[in-house]
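**Student:** In order, the protein sequence lines correspond to chains A and B. All residue numbers for the first sequence refer to the UniProt record's numbering, where the first residue is 1 and numbers rise by one. All residue numbers for the second sequence refer to the UniProt record's numbering, where the first residue is 1 and numbers rise by one.
Since the hints were made in silico from the structure, they are not lab data. Only a predicted model underlies this, so the values are computations on that prediction, with no experimental measurement involved. No false leads were mixed into what you were given.
Keeping only pairs whose Cα atoms sit at most 25 Å apart, straight-line, the calculated DMTMM-like set for lysine to aspartate or glutamate is:
#, chain 1, residue 1, chain 2, residue 2
1, B, 103, B, 218
2, A, 46, B, 87
3, B, 24, A, 56
4, B, 130, A, 56
5, A, 24, B, 49
6, B, 124, A, 62
7, A, 103, B, 143
8, B, 46, A, 17
9, B, 340, B, 316
10, B, 130, B, 17
11, A, 189, A, 396
12, B, 377, B, 396
13, B, 103, A, 119
14, B, 329, B, 289
15, A, 377, A, 344
16, A, 46, B, 49
17, A, 124, B, 62
18, B, 24, A, 62
19, B, 130, A, 62
There are 2 protein chains.
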Amino acid sequence: MPLLVMKFGGTSVATLDRIRRAAKRVGREVANGYDVIVIVSAMSGKTNELVGWVNETSPLFDAREYDAVVSSGENVTAGLMALTLQEMDVPARSWQGWQVPLKTNSAHAAARIEEIPTDNLMAKFGEGMKVAVVAGFQGISPEGRITTLGRGGSDTTAVAFAAAFGAERCDIYTDVDGVYTTDPRITKKARKLDRIAFEEMLELASLGAKVLQTRSVELAMRYNVRLRVLSSFEDNNESAGTLVCSEEEIVESNVVSGVAFSRDETKMTLTAVADKPGIAAAIFGPLADAGVNVDMIIQNVSDEGRTDMTFSCPTDQVRRAEKALEDAKSSGDIDFGGLKIDGDVCKVSVVGIGMRSHAGVAARMFKALRDESINIKVIATSEIKISVLIDRKYLELAVQALHDAFGLETAA
Amino acid sequence: MPLLVMKFGGTSVATLDRIRRAAKRVGREVANGYDVIVIVSAMSGKTNELVGWVNETSPLFDAREYDAVVSSGENVTAGLMALTLQEMDVPARSWQGWQVPLKTNSAHAAARIEEIPTDNLMAKFGEGMKVAVVAGFQGISPEGRITTLGRGGSDTTAVAFAAAFGAERCDIYTDVDGVYTTDPRITKKARKLDRIAFEEMLELASLGAKVLQTRSVELAMRYNVRLRVLSSFEDNNESAGTLVCSEEEIVESNVVSGVAFSRDETKMTLTAVADKPGIAAAIFGPLADAGVNVDMIIQNVSDEGRTDMTFSCPTDQVRRAEKALEDAKSSGDIDFGGLKIDGDVCKVSVVGIGMRSHAGVAARMFKALRDESINIKVIATSEIKISVLIDRKYLELAVQALHDAFGLETAA
Numbered sequence: 001m002p003l004l005v006m007k008f009g010g011t012s013v014a015t016l017d018r019i020r021r022a023a024k025r026v027g028r029e030v031a032n033g034y035d036v037i038v039i040v041s042a043m044s045g046k047t048n049e050l051v052g053w054v055n056e057t058s059p060l061f062d063a064r065e066y067d068a069v070v071s072s073g074e075n076v077t078a079g080l081m082a083l084t085l086q087e088m089d090v091p092a093r094s095w096q097g098w099q100v101p102l103k104t105n106s107a108h109a110a111a112r113i114e115e116i117p118t119d120n121l122m123a124k125f126g127e128g129m130k131v132a133v134v135a136g137f138q139g140i141s142p143e144g145r146i147t148t149l150g151r152g153g154s155d156t157t158a159v160a161f162a163a164a165f166g167a168e169r170c171d172i173y174t175d176v177d178g179v180y181t182t183d184p185r186i187t188k189k190a191r192k193l194d195r196i197a198f199e200e201m202l203e204l205a206s207l208g209a210k211v212l213q214t215r216s217v218e219l220a221m222r223y224n225v226r227l228r229v230l231s232s233f234e235d236n237n238e239s240a241g242t243l244v245c246s247e248e249e250i251v252e253s254n255v256v257s258g259v260a261f262s263r264d265e266t267k268m269t270l271t272a273v274a275d276k277p278g279i280a281a282a283i284f285g286p287l288a289d290a291g292v293n294v295d296m297i298i299q300n301v302s303d304e305g306r307t308d309m310t311f312s313c314p315t316d317q318v319r320r321a322e323k324a325l326e327d328a329k330s331s332g333d334i335d336f337g338g339l340k341i342d343g344d345v346c347k348v349s350v351v352g353i354g355m356r357s358h359a360g361v362a363a364r365m366f367k368a369l370r371d372e373s374i375n376i377k378v379i380a381t382s383e384i385k386i387s388v389l390i391d392r393k394y395l396e397l398a399v400q401a402l403h404d405a406f407g408l409e410t411a412a
Numbered sequence: 001m002p003l004l005v006m007k008f009g010g011t012s013v014a015t016l017d018r019i020r021r022a023a024k025r026v027g028r029e030v031a032n033g034y035d036v037i038v039i040v041s042a043m044s045g046k047t048n049e050l051v052g053w054v055n056e057t058s059p060l061f062d063a064r065e066y067d068a069v070v071s072s073g074e075n076v077t078a079g080l081m082a083l084t085l086q087e088m089d090v091p092a093r094s095w096q097g098w099q100v101p102l103k104t105n106s107a108h109a110a111a112r113i114e115e116i117p118t119d120n121l122m123a124k125f126g127e128g129m130k131v132a133v134v135a136g137f138q139g140i141s142p143e144g145r146i147t148t149l150g151r152g153g154s155d156t157t158a159v160a161f162a163a164a165f166g167a168e169r170c171d172i173y174t175d176v177d178g179v180y181t182t183d184p185r186i187t188k189k190a191r192k193l194d195r196i197a198f199e200e201m202l203e204l205a206s207l208g209a210k211v212l213q214t215r216s217v218e219l220a221m222r223y224n225v226r227l228r229v230l231s232s233f234e235d236n237n238e239s240a241g242t243l244v245c246s247e248e249e250i251v252e253s254n255v256v257s258g259v260a261f262s263r264d265e266t267k268m269t270l271t272a273v274a275d276k277p278g279i280a281a282a283i284f285g286p287l288a289d290a291g292v293n294v295d296m297i298i299q300n301v302s303d304e305g306r307t308d309m310t311f312s313c314p315t316d317q318v319r320r321a322e323k324a325l326e327d328a329k330s331s332g333d334i335d336f337g338g339l340k341i342d343g344d345v346c347k348v349s350v351v352g353i354g355m356r357s358h359a360g361v362a363a364r365m366f367k368a369l370r371d372e373s374i375n376i377k378v379i380a381t382s383e384i385k386i387s388v389l390i391d392r393k394y395l396e397l398a399v400q401a402l403h404d405a406f407g408l409e410t411a412a
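Extracted from the complex, chain A is given alone in its bound form (with noise of 0.2 Å):
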């Protein structure tokens, strides 16, 4: 019996009405013959709620507890939906994640999956049953306690359900028709793919385009697993969505597929940095010791032994950065002048695997900035990627006039 995944996120399973909405849904693809794994998220707002519980309680929780409260909410929804898909005569029942088992890790709060037995499900399947409701987002640790695996980790619950169980495809129902050019909201012009490559997905994902967990895409890339991100809330013919997939599988894009951006950034600049070999090192040791995600990075040309180094990270990191750093100068690992920070700046990418085989992007990307006179304080770039820090307010014009310079409204 060919598998499906379909999950629902929290829009998606709000409401009992709308549970019965997504129920239909998986009720339909029974019909069409699937069996199918669902993976639901909690009601929207559960989790924040219980998140918001957790810290009041303690600022610095013991992440096992946390993991303990946080994922209740997903367990409500699983069982209701089972219930509700039984009402509809579609044989089915919820699991939690220490039922399946999902194993994962002892990285609670964080937890990475480590294997998905699927002889309890397939067992089930061979007895009749036509739906297992998963409880998604949370897993159970070799110490057999119950973990969870990150903001957004219902995504990657999915795709490692199809993964291990090699479903046909996984999809995604959330409150986005799909995956947009850009964000529509800051252009009219934004346009919906109708295909997208992992790779470029996880480029928009980790630059902040919402719609997948970052660690989603990642792993439907390494297990090649067909993703399709889809609308809970209209009605969705064959062709409806975005399908993440191989490259192989798009025939004709743009050289560039999107323009991603992201307003939290903030620019940080070390002066005066003592140059010596392994400088960087003794730098970028302390902060990602510190947990601080450093984006961009560039070493200015260094002057008579002494060099600015700047870098950039989400801004709500810049504290702990300027702690990790201070705390390296005191203990005399690293020696600069001073350090200036610029929290006014955001991050603005133009994506595509086009680039792979196009030159001349950056060059376009660049000339189209300075048509709207936006000066790009930082550049970065990757295979299928150009990232600029700009001043946070040409945030929507720069988006505008990218969009408009890769012709992205309309497609290939």
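Add chain B to chain A, keeping to what the hints say.
**Tutor:** Just chain B, lined up with the frame of chain A:
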């Protein structure tokens, strides 16, 4: 290390503040040298919300899914309580039913506890854990699915843990400060009892004094677990609350310990029943099969081979009882003229182990009611209880009269 079980009901953990207050009580017992097992209910209102969702989703629900859903509230409180204790530097961790594991049978939504292995928790106590916070109300079936023990099941969880771990005492923290001679809302003369025997508590619990779940008292009696009922909202000294204990621990007591009542009773009379051997079984068998809890039964004098059979049951089971009886009549299993239903009745009972050694209790009760011109419709007695069914409008009057007649205002 001596061990205590402390159970906190829904109102005692309704907010983070109340959880903190409860945790402080736990901390004091730890400071007194106890290892503590804390049993928690869901925050008040949560379980009702979950039950409501299940009923709305699926009126004839799959009890396995019901259990998966409604057990989630306790998990939240258990984690939050453990975190709160940790914040107070008390080594604590939470346990869900399946982690202990609290093993039950497979009677979902009304499961019976079969075994509580002590090794997991004892190992952690051995490692320095001072408090095990256990989610009440839930367990795991032989099939590995989550079970619940029925409403109020956290009391039963608490007593079962106290029995399994040989606890010195099981303290039940609730929103009242103990067990009263009768409901203080009916008469201000109601007096808190310092001690009450298991048998008496059992009669009071099953008669509608909603302080403790009946099963928890049965279990406490069987394993001789000393139960103390006390308020979460007051400072309690050593003699606070009410101790529910074996008869031997009660030196002096009144002949009658309390006056209980139940409003939700209905009197049903089958008229002109063909009177023959086995007729009672033929009537009450189908009622039991239909899940009707028949309480009082009287059979009137037989008249020419026909008799009247009167019984009472909870009002919300009347429809089921009617249907079971009509079905039995249609199928020829029983033969009766008609069915008269009197829904306007209530049950009032006097309870006391002193009755065993004192004659004349019934006479005193009937006289007190007669003096108020209250007509008795049905009488039932047990070794330590006399119950009467009377018109509902006399309930308050009857309770007050009996409270006075047996001098309950003052202790023995």
